[in-house]
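Student: Going down the list, the sequences are from chains A and B. Residue numbering for the first sequence follows the UniProt record's numbering, starting at 1 and increasing by one per position. Residue numbering for the second sequence follows the UniProt record's numbering, starting at 1 and increasing by one per position.
These are calculated hints, taken from the structure and not from any lab test.
Simulated crosslink set (DSBU-like; lysine-lysine; CA at most 35 angstroms straight-line):
id	chain 1	residue 1	chain 2	residue 2
1	A	108	A	154
2	A	110	B	252
3	A	140	B	84
4	A	22	B	246
5	B	84	A	154
6	B	11	A	120
7	B	246	A	110
8	A	108	B	252
9	B	84	A	22
10	B	84	A	108
11	B	252	A	140
12	A	117	B	84
13	A	110	A	127
14	B	11	A	110
15	A	127	B	11
16	A	154	B	252
Here's a subset of chain B near chain A, in silico, CB distances under 7 angstroms, partners left out:
id	residue
17	5
18	93
19	253
Here are some chain B residues the structure puts well away from chain A; computed CB gaps all over 10 angstroms:
id	residue
20	41
21	116
22	131
23	165
24	174
25	197
Everything numeric in this text was worked out from a predicted model, so none of it was measured. The beta-carbon is built from N, C-alpha and C at its ideal position, and this holds for glycine as well.
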Amino acid sequence: MQPIISIRGLNKRYESGFHALKNVDLDIADGDIFALLGPNGAGKTTLISVICGIVNPSDGEVRVDGHDIISDYRGARERIGLVPQELTTDAFETVWATVSFSRGLFGKPKNPAHIEKVLKDLSLWDKRNDMLMTLSGGMKRRVMIAKALSHEPKILFLDEPTAGVDVELRRSMWEVVRSLREHGVTIILTTHYLEEAEQMADRIGVINAGEIILVEDKNELMSKLGEKRLTLQLEDTIERVPDTLARHELDLVDNGNALLYTYNANDKRTGINSLFRDLDSAGIRLRDVDTKQSSLEEIFVDLVKTPTPESTSGAQATAKDNA
Amino acid sequence: MNFHAIAAIYKFEMARTWRTLFQSVVSPVISTSLYFVVFGSAIGSRIDEVQGVSYGAFIVPGLIMLSLMTQSISNASFAIYFPKFIGTVYELLSAPISYVEIVISYVGAAATKSAVLGLIILGTSFFFVDISIAHPFMMLLFLALTAITFSLFGFIIGIWADNFEKLQIVPLLIVTPLTFLGGTFYSIDMLPDIWQKITLLNPVVYLVSGFRWSFYGVADVNVGISLLMISVFLASCLVIVAWIFKTGYRLKS
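Could you build all of it, start to finish, from the sequences and the hints given here?
Tutor: What follows is the structure, given as structure tokens:
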């Protein structure tokens, strides 16, 4: 199936010489919730801004539902709704007026019924006649989502949608996003909250220093997240792992004072019981045991710390495989 | 053509006028009326006729031009600068709207507002001085051309400006002095020869002269040259706006 967003060889170099996007290849499937993760300055917002027409690309090709963002910008842009990171609203407009304005700006005729539905879905109906300057930050964020949805886009970009909002509002926004997906809207969100990506995304992409270094199905990433490490502190130091324990693929660590066993907690059989039986048979006595689970955050931090050329090419291959 | 977008921006800008009625309409009408009272009725009654018309009537076209130019620049520059300043310009840049449509909507709204203001000031002047309009069609043509041209000029200033000081600097330090020195309060043939020649370098002279001709049939310079000059200025503004949108100057990085 043709991806709804297709990016090939996208580069963005600013006049200052800063290379913000480096040869980005990315496909996003229709109907997905795609989470783009990355540290500050990684290029998340630049990537979104290029797709939406706010920043000019230096070279490369971006297609939105088959429409080139340069040569057929109208076709591309009318399919996109954008909720930027900053809370930028006209202070003196009413909620109804600003959302209706957005619909007109995107070339759609008046449709009060749709505007009413959007405002009700976002719990803004009671505030429709209020001036934007009187709203709280969370409410303004909802207004920006309402503006982005006013022209019934097929794709919604949410740039840090829950930055600075409280937990309750964040969860309510997740509900809104899920409901949009159920109605066939493709969602692309950038976030610092890994929990958000875990909760909502179908696929997760990681960008660092302008390069896409990983694109993976969320569930596959979660299975990596299920990887646990069991550290067995030994009573007596050993020089090597006994042959009778070879099938458990143990690592000898801490100068021979500990054994490390890696397993997946999501597997039906983790092998822990047989490991303990074999340890007992081998006469190895334990002083302490400890388990540790790698979080998405650790995976993420590890990925963005120092991407090697090997990991980058591997990630790009993964991205294409998954596309 | 994205007519819905043009209509949305145009209505949004016109609605802003109603919210700022005192600043946009009442204030310039009152300040221009003060000129009519002071220079037209009070001092003007003691001054001889200029180019065959009373001094009070003589200054009316120039004062309308002054308001028309400053308000056109102010309306258009603020309209595009403010979204840049508060960040809502993202919506304009990400919308399926062409540059031509953006210019039509913003400049159209600014020109409409200032032209209506010019007509209100003209109507007000009837209360203070005795004026006549010899060529009403040409008067409206000059009014419309000036409003559109200076709204385009204001649009350029709004894009160029990256702070409020720059937004004000051109209208206050360039346009207003050029208007005062452009024959608003005097005929240029009242100046010494050398200053008459220097004054002809001031583009506002041609606008004021042409506009005054449409009222009284007399002008400092040929009306054809006036029309040519305003057309040249209009074309220059269009070229600059086209370049701005082609390069994304101060709009897109």
